[in-house]
Amino acid sequence: MTEFIFGVLGFVKVMVLILLIIELTILLEEFLAARIELRRGFAGTKTSLIQVLARHGLKILRTEGPLSRQLASATRYLVIFLSAGLLPVWGGKIPLAGAHSLWLFTALVIFGPVFHLISDWARHRGAGWPLVLASAERTVGASTVHFILAITLVAMTGIDDFAGFRDLQEAHGWIIWRYPWAIFILFAYAVANLFTSFQSIFSRGREERAEGWSFDDLLPHLRRAVWTLFVVDVFMGGAGKLGPLGDLSLIVKCVGVNVVSKAISQLFFHLREDQAESFILWRLMPISILILGLSLLIPGGVF
Amino acid sequence: MLYLLGYILGCYTVVAGLGWGLAYLHQRSSMRSPDLGRMGPPQIKSRAVISFSIILPFAALSFLVLTFMPMRIAQTQGLQGHFLFVWTSLVIPTVCFLIGFYYFRKVVKP
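The listed protein sequences correspond, in order, to chains A and B.
Position 153 of the first sequence, counting from 1, maps to 145 under this note's numbering, and the rest follow consecutively.
Count along the second sequence from 1, then add 7; that gives the number in this note's numbering.
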């Protein structure tokens, strides 16, 4: 029974961390966007962090749908939270530690949106919301890159579980400093993350949402937060061994990566859907294979 | 096992419970949206892009898995003069994959 309660507590810890990352990211992004618009001279109202927070609270209160819809949402959330549970969270502890967790994580984040589409398609008898279709399409489209990046990461470090990445970084510092090739992998993961979670450089069509507000509206943000946590845990040292300061640094790093990547992409790029797919499939994939070959032929860390 | 069960049931209870509770509150509040007869989702007419997108990642994965182990020992084999090994295990699969890749690109790309 104690194990069961620890399991529930493990989930609550992961959920709190992910929700904190999402809320702080959106809060900061919306606040900065409103300020930038005002500074540029566009019409707008002066906003504060409290006002943005209150608006989010009101949005959550507009949740609709029967219990069956909430249970379906919970199943989608479960896939995402299972993948988040494989990563080091508070204090570098892993709620769902296991061997080969990198592969398990990759499989969960790739097949989650696909199962969502299949279940939606079966439930609506051949019909589906464009948001769900686009989400699955983007994830499957980027899965080649994800597979290659995961293999490159394993070939480079010789590790395929998150406990190993955490221990390696505690002993030798961040992976991006130890393995210079990893900077490309970090960049590629950031682009794939932006692509699969409908963010910034890749434009998003309208009329993609299902009827009414539900927790499903938060799914792209959840996926984005889990990918960011992955990037920070694997490449940027995660929480480290600093106790509460480490936890704080983990949140700051995740929010920083989210906000900075979105700001940079919005300032410098804007790609249409077809251009984005083309970039991911025809540019990023061959480069990833090249980096994989180089990592295998020139192995070993710097320090 | 009990730990995992707790994790899964915790997720269901928190997410579904919270969602249902908020929806129940919303339904009984003055904030609720008018019932205008919601439309269902549109029919999915084409699955071609999904099919192609599924084929490509698995083709890439099989190529990488097939060449992964030879790549690990290619350096040593090359230094020992086994160039035939490097040629047959790395170069030929890579050329085949790239031919397929660029043909696929030509067919699919608008």
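Since the hints were derived computationally from the structure, they do not count as laboratory data.
Don't take every hint at face value.
[Said to hold, decoys possible] Per the computed footprint, the stretches of chain A lying under chain B, defined by three or more beta-carbons under 8 Å from a beta-carbon of chain B, are:
id : segment
1  : 13 to 25
2  : 45 to 59
3  : 113 to 124
[Unchecked claim] So the derived label-pair ranges between C-beta atoms look like this:
id : chain 1 : residue 1 : chain 2 : residue 2 : range
4  : A       : Gln43     : B       : Pro49     : 32 to 38 Å
5  : A       : Lys233    : B       : Leu32     : 40 to 46 Å
6  : A       : His92     : B       : Ile106    : 51 to 57 Å
Quick reminder that beta carbons are idealized off the backbone N, C-alpha and C, glycines included.
These are the hints, each one checked on the structure:
no.: 1; hint: 13 to 25; verdict: violated (count 0)
no.: 2; hint: 45 to 59; verdict: holds (count 8)
no.: 3; hint: 113 to 124; verdict: holds (count 7)
no.: 4; hint: A:Gln43 - B:Pro49: 32 to 38 Å; verdict: holds (36 Å)
no.: 5; hint: A:Lys233 - B:Leu32: 40 to 46 Å; verdict: holds (43 Å)
no.: 6; hint: A:His92 - B:Ile106: 51 to 57 Å; verdict: violated (32 Å)
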